[in-house]
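Number of protein chains: 2
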Amino acid sequence: MKDNTKISSAVIKRLPRYRRYLSELQKKNIDRISSNELSNLIGYTASQIRQDLNNFGGFGQQGYGYNIQSLFNEISIILGLDQEYKMVILGAGNLGQAIANYTHYYKEGFKVCAMFDVNPKIIGLKINDIEVLDYEVLENYLVNNSIDIGIICTNKDSAQEVVDKLSDGGIKGIWNFATTDLVIRDDIAIENVHLSDSLHSLAYYIKRNQQKGS
Amino acid sequence: MKDNTKISSAVIKRLPRYRRYLSELQKKNIDRISSNELSNLIGYTASQIRQDLNNFGGFGQQGYGYNIQSLFNEISIILGLDQEYKMVILGAGNLGQAIANYTHYYKEGFKVCAMFDVNPKIIGLKINDIEVLDYEVLENYLVNNSIDIGIICTNKDSAQEVVDKLSDGGIKGIWNFATTDLVIRDDIAIENVHLSDSLHSLAYYIKRNQQKGS
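From first to last, the protein sequence lines are chains A and B.
Quick note, the first sequence lines up with residues 116 to 329 if you use this note's numbering.
Quick note, the second sequence lines up with residues 116 to 329 if you use this note's numbering.
Source of the hints: derived by calculation from the structure; they are not laboratory data.
Predicted model, so just to flag it, every value in this text is computed and none were measured.
There could be a bad hint or two in this list.
To be verified - Pairwise CB distance ranges (calculated): (1) B:L240 with A:K241: 19 to 25 Å; (2) B:A161 with A:E251: 39 to 45 Å; (3) B:D197 with A:R300: 49 to 55 Å; (4) A:K236 with B:N169: 45 to 51 Å; (5) A:V252 with B:G239: 45 to 51 Å; (6) B:N255 with A:K222: 45 to 51 Å; (7) B:S273 with A:S185: 30 to 36 Å; (8) A:I192 with B:N188: 29 to 35 Å.
Ideal Cβ positions, reconstructed from N, Cα and C, are used throughout, including at glycine.
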C-alpha cells in the first residue's frame, strides 16, 4: 500500500461511495467487476476509477477486473474501518437521539458509549441503552474513558466550547452537526455535516429547474 | 443578476456557507466587509471569494467592500430562499422525527406538512404537530397538496420505490438521507446526505493522524 497520508481529499471523499457499492455487489454474490462496469454503477468515469484505485497500489488486473472482496477489504482498511471507535454524543436532543438510535454504525465498529446534555429533564434517560450524563462530568469521563470521536449535536452557540473541552480531553475526531464552523487543533480530524447548507443547495436547484422550465 | 443556470455546482456548494457567515455578521450589526476580511473568516482565499461573488454580477465595490445586508439578500434570492417550500417526510423513524422537530428550517420557509410511514404503531402520531399518515395515502395526498420537497428517511431498500412515487406525484426536489444513490428524472433536484460516508471519511483522517504521529 502506498503512503496513506499523500492521498488527496477528493479521492478520500469518493472512497466511502466505492465501498458502499462494493458492499452491495458482495451481497449479490458478485466476485469480480471491471472499471467499466463500476463506472456504469457509480457514475464516475472508468478512467477516474482506475486513477482513484491506483492511489492504493492498484488492485485491478488488466482484462480481468477488480476482485470485489479484496477491494472492499482494502478500502475498509484505508478508511480505518478495521478498528473500533468509541464515540460520545454531545447534546441529547432529537438529532443526538436519532444518531444514538441508528444502530447501523455499531456493526461497522462505531460505538456510542455515552451522551451528554445540560438539560436536567434529559439527564439520566437511556436512549437505545446509552445513558445521558450530565455535561458537568464530561471532563472526568474523558479522563477515565479513551474516547475517539465526539459527535456535536448541540446548538451552534455551545459547539465551540464543547469542542474545546473534547480537545483538551484527548479526542481524536469531531463529527459536527452544529450549524457552525469550528476552530480545532491540526491533529484532530473533523467532518462537518451542515444540513442547512444541503437544504439550501436543494432549494437552489429547485428554483433553477423552475426558471429553466418557465 | 446573471443567468442563474450557468453557475458551477462548486460555487453553489459554497453559497450557503457565505450566507451563514453573512448572517452571523448581520447579528453583530456589521454593515460592510472586504473580501480580505471575509477570507479570514470563511477560509477561502480573497480572490476565490471575489470570483465566486462575481458570478452574480458582483456586489462589491473596489476599496469599499461588500454591503453585508444586500449580499445576504442577494444570495438568499439566488438560493431560492425567497420562496416557501412545502415538504413531506417519508419514514417517521428517529431520523424523520429529528428532522420534523428541527424548527430552524421553518423560519427559512421550509415547512414540513406531513410525515408518512408504513408502521401501524407510528401512523396517527403527531411529531411537533405534524401528523404521521399511512404511506398508502401518499399518492392521494400528493394529488391534493402541492408538495415541493420529499425528505427520504426510509431504509435504503424502500427508498427508490418511495422516490418513484414522489416523482409521479409531481415533487420538485428530493432530500435523501437513505444510504443509497437514487435514480431520478432530470427535472427533479436531489441532494444526498450520506451520513455513513461522512463518518467513514472521519475514520480515515483519524487513522491518518495516528500514522503521522507514530
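Taking the hints in turn, this is what the structure says about them:
1. Between L240 of chain B and K241 of chain A the Cβ separation comes to about 21 Å, which falls inside the hinted range of 19 to 25 Å.
2. The beta-carbon spacing between A161 of chain B and E251 of chain A, approximately 43 Å, falls within the hinted interval of 39 to 45 Å.
3. For D197 of chain B and R300 of chain A, the Cβ-Cβ distance of about 40 Å falls outside the hinted range of 49 to 55 Å, so the restraint is violated.
4. At about 50 Å, the beta-carbon gap between K236 of chain A and N169 of chain B stays in the expected band of 45 to 51 Å.
5. Distance hint check for V252 of chain A and G239 of chain B: the Cβ-Cβ separation is about 39 Å, which falls outside the suggested range of 45 to 51 Å.
6. Between N255 of chain B and K222 of chain A the beta carbons are some 37 Å apart, a value that contradicts the proposed interval 45 to 51 Å.
7. The hinted range of 30 to 36 Å is satisfied by S273 of chain B and S185 of chain A, whose Cβ atoms lie roughly 31 Å apart.
8. The supplied range of 29 to 35 Å is broken by I192 of chain A and N188 of chain B, whose beta-carbon atoms lie about 49 Å from each other.
Checked against the numbered hints given earlier, this structure breaks hints 3, 5, 6, 8; the rest are met.
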